[in-house]
Amino acid sequence: MDKRLPKRVDSALKGRRINEQALTNNEIDFGAREMTSLSTSSAGGRPYKKLSMSPKEYQTFAKEREPTRSILTNCIRAFVVGGAICLFGEFIQQLYVHLAGMKREAASNPTVATLIFISVVLTSLGVYDKIAQWAGAGTAVPVTGFANSMASAALEHRAEGLVLGVGANMFKLAGSVIVYGTVAAFFVGIGHLIFGTGGNH
Amino acid sequence: MLKGQQSWWFDNKPVIIGAASVVGPDEGEGPLAEDFDLIHPELDMQQKSWEKAERLLLEQATAFAVRHAGLKKDDIQFYFGGDLMNQIISNSFAARSIGAPYIGTFGACSTSMETLALAAQLVDSGNAQYAMAGTCSHNCTAEKQFRYPTEYGSQKPPTAQYTVTGAGAAVVAPSGDGPVVECATIGKIMDLGITDPFNMGAAMAPAAVDTIQAHFNDTGRQPSDYDLIVTGDLASVGHPIARELLLRNGVPMNDTIFNDCGLMVYNVNKQKVQAGGSGCGCSAVVTYGHLLKKLARGELKRILVAATGALLSPLSFQQGESIPCIAHAVAIAGKGV
Numbered sequence: 000m001d002k003r004l005p006k007r008v009d010s011a012l013k014g015r016r017i018n019e020q021a022l023t024n025n026e027i028d029f030g031a032r033e034m035t036s037l038s039t040s041s042a043g044g045r046p047y048k049k050l051s052m053s054p055k056e057y058q059t060f061a062k063e064r065e066p067t068r069s070i071l072t073n074c075i076r077a078f079v080v081g082g083a084i085c086l087f088g089e090f091i092q093q094l095y096v097h098l099a100g101m102k103r104e105a106a107s108n109p110t111v112a113t114l115i116f117i118s119v120v121l122t123s124l125g126v127y128d129k130i131a132q133w134a135g136a137g138t139a140v141p142v143t144g145f146a147n148s149m150a151s152a153a154l155e156h157r158a159e160g161l162v163l164g165v166g167a168n169m170f171k172l173a174g175s176v177i178v179y180g181t182v183a184a185f186f187v188g189i190g191h192l193i194f195g196t197g198g199n200h
Numbered sequence: 000m001l002k003g004q005q006s007w008w009f010d011n012k013p014v015i016i017g018a019a020s021v022v023g024p025d026e027g028e029g030p031l032a033e034d035f036d037l038i039h040p041e042l043d044m045q046q047k048s049w050e051k052a053e054r055l056l057l058e059q060a061t062a063f064a065v066r067h068a069g070l071k072k073d074d075i076q077f078y079f080g081g082d083l084m085n086q087i088i089s090n091s092f093a094a095r096s097i098g099a100p101y102i103g104t105f106g107a108c109s110t111s112m113e114t115l116a117l118a119a120q121l122v123d124s125g126n127a128q129y130a131m132a133g134t135c136s137h138n139c140t141a142e143k144q145f146r147y148p149t150e151y152g153s154q155k156p157p158t159a160q161y162t163v164t165g166a167g168a169a170v171v172a173p174s175g176d177g178p179v180v181e182c183a184t185i186g187k188i189m190d191l192g193i194t195d196p197f198n199m200g201a202a203m204a205p206a207a208v209d210t211i212q213a214h215f216n217d218t219g220r221q222p223s224d225y226d227l228i229v230t231g232d233l234a235s236v237g238h239p240i241a242r243e244l245l246l247r248n249g250v251p252m253n254d255t256i257f258n259d260c261g262l263m264v265y266n267v268n269k270q271k272v273q274a275g276g277s278g279c280g281c282s283a284v285v286t287y288g289h290l291l292k293k294l295a296r297g298e299l300k301r302i303l304v305a306a307t308g309a310l311l312s313p314l315s316f317q318q319g320e321s322i323p324c325i326a327h328a329v330a331i332a333g334k335g336v
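Top to bottom, those sequences are chains A and B.
In this text, residue positions in the first sequence follow numbering that gives the first Met the number 0: the first is 0, and each later residue adds one.
In this text, residue positions in the second sequence follow numbering that gives the first Met the number 0: the first is 0, and each later residue adds one.
Incorrect hints may have been included.
As the list claims (entries may be wrong) - Only pairs whose alpha carbons sit at most 25 Å apart, straight line, appear in this in silico DSS-like list of lysine-lysine:
#	chain 1	residue 1	chain 2	residue 2
1	B	Lys12	B	Lys300
2	A	Lys62	B	Lys300
3	A	Lys171	B	Lys155
4	B	Lys271	A	Lys129
5	A	Lys55	B	Lys187
6	B	Lys334	B	Lys2
7	B	Lys12	A	Lys129
8	B	Lys51	B	Lys72
9	A	Lys49	B	Lys334
10	B	Lys47	A	Lys129
These are computed hints drawn from the structure, not numbers from a lab.
Please model the complete structure; the sequences and the hints are all you need to start from.
Put into structure tokens, the structure is as follows:
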């Protein structure tokens, strides 16, 4: 049975104040509740014998029968789609530089905004998730993937209202990116401070 | 009457006098489209929320079932229902419009046969004249509750399953015209420690194996007594595992046709449903829509439906718990068999 359990089971069985004889492992059997082995439920007199297979054996057995995913195909698709999105971003940036006469640095903000806009439109039209199923990590590239995670959550929870629905759930998926991005930035900043390398961004 | 360890034998032969199935667009493009009573062309069904759409499916399915039984809504004495939503809201709200005394159940995707077994038990024991069983699921409500927002772009692995948008209901009576519910085997929780919610077929396969074997052991029947044995929603990953385990245990499954509702409801190779269908609606629409019609036409004489359920919650899998699974089997025979 599960090896993680004994400590918890032991204290649970003893309790703090008890007016009844302590429960035995047999009576409460935490193990069987979490993991039932195919062999434990056998009873006499049945024509079909149950297969004896421990959870571990079964997990290996099931794992061997899982359809394989080609990592190479997935990587190539992600590379192509992710690269295409970035190339498209570059194209938009060049448009801002050449048609709007912006400087290259100044053009990056409207470029990001344009990509976000396109991503949100594709999400709203129900297309983005279909592309993502094919492209895998390729569509998760920061700007469009981030926009999709926020827009999809906002759309999904619109039915629960603007405050408790959209407002509270919009960062459901993107929230941890922000949290850990900020935390990572904090530590990188500390590093720069210690080694005296920082100050620029 | 109790038969063996965990099976009920219905001596009075309760009859399914009316059944109905209502589905969404993807199921309507599947191979069983002809057999459904109503196919919605859109996932939102012009409702304000996915949850309302799911509820509508069940309200329609139960209303059709009552109509097919030749009854009125008020004739239904007890309604058994359950679904995948937290606090089984789809059924509780639908039961409001059904109006019958209501017993809510939760068996995840095994709910279809769980409720049918209970309804048959109630009628068989003489505690009800007309009892109804119903269940429903909606792809988008399940995605929203168990996975990610529907439009979120994440790649699903090939082991993932596609929740069926659909509802099924059946009315059981002591006598009448229709297929007979012969017996039911109530399953035990099987949990072999699979923690991946994107591989529920493999998690549920041992539960199906356990219940099917228990059914044969309890009733003394053989696989060859059935024209067809179907599991609920094991799909292309779990179903071969269940077959292999059964064969290893010496159950001659090759003597019958052994299939899976999750593989039947869609054209798995053409439609983008990964491993196949899942959800409460999966076994419900296949059984109440497709299989009962085949029984009525005499193309099938006797079937065993083992609906499988993964009883996980969004909280339990986030906390790293494994997936407790269950299967309930109901044997249904065509008229005059």
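Quiz prompt | Restraint check for Lys171/A with Lys155/B, where alpha carbons must lie at most 25 Å apart | solution = holds (19 Å)
Quiz item: Is the straight-line distance between the alpha-carbon of Lys12/B and that of Lys300/B 25 Å or less?
Solution: holds (15 Å)
Quiz item: Going straight from one Cα to the other, do Lys55/A and Lys187/B come out at no more than 25 Å?
Solution: Distance ~20 Å between Lys55/A and Lys187/B Cα, so the pair holds.
Quiz item: Does Lys300/B lie within 25 Å of Lys62/A when you go C-alpha to C-alpha?
Solution: Violated. Lys62/A to Lys300/B sits at ~37 Å, over the 25 Å cutoff.
Exercise. Sort out whether Lys2/B lies within 25 Å of Lys334/B, counting only the CA atoms.
Key: Holds: Lys334/B and Lys2/B sit about 23 Å apart, inside 25 Å.
Quiz item: Within 25 Å, alpha carbon to alpha carbon, are Lys51/B and Lys72/B?
Solution: Holds: Lys51/B and Lys72/B sit about 21 Å apart, inside 25 Å.
Quiz item: Does Lys129/A lie within 25 Å of Lys271/B when you go C-alpha to C-alpha?
Solution: Given pair Lys271/B, Lys129/A holds - Cα atoms ~10 Å apart, limit 25 Å.
Exercise. Would you check the hint for Lys47/B and Lys129/A, treating anything up to 25 Å between C-alpha atoms as holding?
Key: holds (23 Å)
Quiz item: Does the alpha-carbon distance linking Lys49/A and Lys334/B stay inside the 25 Å limit?
Solution: violated (34 Å)
Quiz item: Are the Cα positions of Lys12/B and Lys129/A separated by 25 Å at most?
Solution: violated (48 Å)
Figure legend: structure checked against the earlier numbered hints; hints not met, in rising order: 2, 7, 9.
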